[in-house]
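Undergrad: Below, each chain spelled out in residue letters.
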Amino acid sequence: MIDPIRYPDVSFADRMDLVDFRVDPDRAHITVDGDACQGCTTKACVVACPADLFVPRADGGILFNYEQCFECGTCYLVCNTEGAITWTYPEGGHGVVFRRT
Amino acid sequence: MADVDVIVVGAGPAGSAAALSVARTGRSVLLIERGPFPGSKNMYGGVIYGRVLDSLIPHWWEEAPIQRWVTRRSTMIMTPTQALTVDFRTESWAKPPYNGATAYRPDFDAWLADHAVAAGAQLVCSTTVTGLIREHGRVVGVRTDRPDGDLRADVVIACDGVNSFLAKEAGLYTHTDASHFTVGVKETLALPREVIEERFGIRGTDGVDIEIIGCTDKIPGGGFIYTNLDTIAVGLVLQLPALAAQGRRPEELIAQLKAHAAVAPLVEGGELKEYSAHVIPEAGFSMMPELVTDGMLVAGDAAAMCLAAGIWLEGVNFAIGAGMAAGQAAVEALRLGDVSATGLAGYRRRLESGFVLSDHRKLSGVPSLVMSERAQHTMPQLAANVVERIFTVNNPRPKPGFGRIVRDELTASGVKMRDLVKDALVAAKGFG
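Top line first, the protein sequences correspond to chains V and X. Mapping to numbering that gives the first Met the number 0: the first sequence position 19 is 18, numbers consecutive. Mapping to numbering that gives the first Met the number 0: the second sequence position 302 is 301, numbers consecutive.
Note that these hints are calculated values from the structure, not bench results. One should not assume that every hint holds.
Unchecked claim - 35 Å max Cα-Cα, derived DSBU-like pairs, lysine-lysine: (1) K415(X) to K361(X); (2) K217(X) to K42(V); (3) K272(X) to K217(X); (4) K42(V) to K272(X); (5) K415(X) to K217(X); (6) K167(X) to K42(V); (7) K167(X) to K361(X); (8) K415(X) to K398(X); (9) K421(X) to K361(X).
The shape of chain X in the complex, shown without the other chains (with noise of 0.2 Å):
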């Protein structure tokens, strides 16, 4: 006999999402959390897109934990001593209804979890799921480390990272490949507010996200900096197997990049207020589980639903996304009596038909390509050399053709012409 209709483990933004989803259909659910409070086990490279939000929570953004309002997003090309920066700042996005924006993640999935609970949904705190309970291959419910701690459910919702140990459990994982995994670090620096302002341009509630490319010595990844009201975050996402082969520690390359000279004036003087770590699926479609099984759903880190193509770095809105597709899923499982893979097939059609899948599906080549050597390394040194060449005045000599300067630069940097269309190819199928 099952204690609730919904079992809902972990609440983050996915299962937050997916507990809401539940409960406001008047089912019963249970949304456990091993942490002292939702978010206290989350950390993240920081923004988030609350577009999907609007169907949830009706003008979120007027209530939601917000830092600030990304207005400004730049992208910066790196070498050691170079960095080439596409800086692009709208008014519109300082607006309703507000495109993306910076917060703390034990702030943000507090609030979405509040949510659920005023929803009905039965928030459990600091209880650890240890394992599925399975009958006749069926999840009908977990294990968690409480005293008499069986629960059980019609439903199980696994959203418990990106360690999921329940979606291996379940065997909806065939491998794990350390590749397709990277460890994001961060330091949170403090400093006054109207230095973050002066410093990068903004005013009010207006914010800054600084994405970076060619940062991260010969480790596949990347680095960021993030402006909270009177915090900044910085850090960098670095590939697992090669960031052990280099056998340079993560905080070193985050001190080099924070003297890199277009970063440390930046972070002058930010007085170290937390440091953190988290681990990345960073791959998206190609590691993604099975994603259904008789009794049970995956979603969020869970189920590796973390968009990593370059210049689109998305992970909340997956979660919340795919949260929301799993309660609804669940409830429809629950109404027509089936709960058996087949029942609950309606989760993987919903997340086909929106953006979830969609997403992954059409840039399922870039992850790989944004992670290549060439996109990591050599194409940076090659468009920084370029406009290095471009706008340096060496008179008396006259100025060299862009043809000539292109052609230079290409051969110095051993880069074919295959090479090149072959990543525009791929690079177009997902883009285009």
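The following block holds chain V by itself, in its conformation from the complex (with noise of 0.2 Å):
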């Protein structure tokens, strides 16, 4: 096993920072009805969003920031709760913007 401390990765924050989010400051693309996610024990959207977004509540609720999304579209796939996660895509021009050479 390598040692960890040779090889130090870059934070979370610092690693989400890198990728270009064009952020529609007037619509969010992705909701999360707090209320349907209160019978949830799984939380798939916590563990499996590659951006980290789900973040669970003390009460049982998820809290949710759409700013920097991939639109992969993982959290809606993986949830099993009924209408808890609506999904479309942001606005033309906004989101996330891949980067060229």
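Put the two chains together into one complex, using the hints given.
TA: Shown next, in the form of structure tokens:
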């Protein structure tokens, strides 16, 4: 096993800051129905979202932010609570923009 | 009244190939992209096989924005402490017409879209298609998020990617099963060009593609490392429900792969330039939707045309092939004056007679075999243990025979002979 100290990984916040997100200030393209999440025990979105956008709340709900979203679809695909996650694409021109050379 | 003959939704490889095929016949075609430029939303695990482009853009290799030509292909079987690699290299892939190439998708997709525009397609970026316009059950256009954004066409070609809301809205998918999808996560790491060439044993614009099995804990999936000119891409594909159930996050699993003894020396010191993620339709033929409805065709990831068959991992070529077929079928239907599902049936016929559906049909059993517990964990451990014992010199004991080692390790692994035979039959059907 390689000593992890020799290869420090960048923090998650720094990792996400490297990505170009053109955030739409007016509209969240994903909404989470906190009430629907109350009965969910798996919280699959919390583990699987590659951008780590889903945070469990103390009251059993989910805190969600849409700004640094890859628009991949993982969250709604793994969600097993009907209607908990409403997913659309951001307005044209907004959202993630992957890098050109 | 239609605004244009054809609307193509999504300027990825499928959409641009479709728009290019339509535009070349002189028909009017609108290519709608939600990102600020084609490719801006697109990410992949890495290799483009360009043979499908030969007929579309002759000598494409002289102008396409390629990073490196893959001349070395490694398949690595990994356990936490072992790695067994089959490493193939050929000089013939280093010269025209080449085989596989690495490229950044925002570069490559924008290049292909430029060809569609040059042929006469009208590209509209920063515009999200929000739904279909249907009349009497027939698709007659799309709604967009532009003011007065309804657009009408005789044929709509949906190349709107893996989440294809258009194919779902049109009722072409009967159900969605999360286990048919993986999420691909990738780090792009900058390293000096000479360091990449040194570490990967390549020169000039030669490149390496390393595919890894056994590096995803208990999650069905795999890993990859690709070389670009002055970056490398390292990442994982992870089956969605298993990822969620296991409880370890994707970036932790990448960090674990990067720390493996077989990978760490390749990626050491690489500076993270970008982290990215995208969902992949992984189940091939068995998850494909209906491809045609009245007034509409579906192509590329939107139709799950992604081949994840173990040794063959392809998608961009299938998207381009399907896009070309969709464009040709749309033009044919327009010429005959019948854009119903019957008039557009030439699309499926073209796919069936070409590689797109032939490959998927032939290999339909392989994706689930590759994602099985045996292929993912038991066999890698078994193979690595057998090789380790063969190469371990255990003097003063004499060498055991291969047969003895294999029998011992088979017993230890718990793999039954009938399971091996069953897997071999599936593999023989697909690969034979």
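Undergrad: If a hint holds in the structure, say so; if it does not, say that too.
TA: A quick look at each hint next to the structure:
1. K415(X) to K361(X): Between K415(X) and K361(X) the Cα gap is close to 26 Å, so the pair holds against 35 Å.
2. K217(X) to K42(V): Holds, at roughly 19 Å.
3. K272(X) to K217(X): holds, 29 Å
4. K42(V) to K272(X): holds, 30 Å
5. K415(X) to K217(X): Satisfied, since the Cα-Cα distance of roughly 20 Å is no more than 35 Å.
6. K167(X) to K42(V): holds, 25 Å
7. K167(X) to K361(X): With Cα atoms ~26 Å apart, K167(X) and K361(X) stay inside 35 Å; holds.
8. K415(X) to K398(X): holds, 26 Å
9. K421(X) to K361(X): holds, 17 Å
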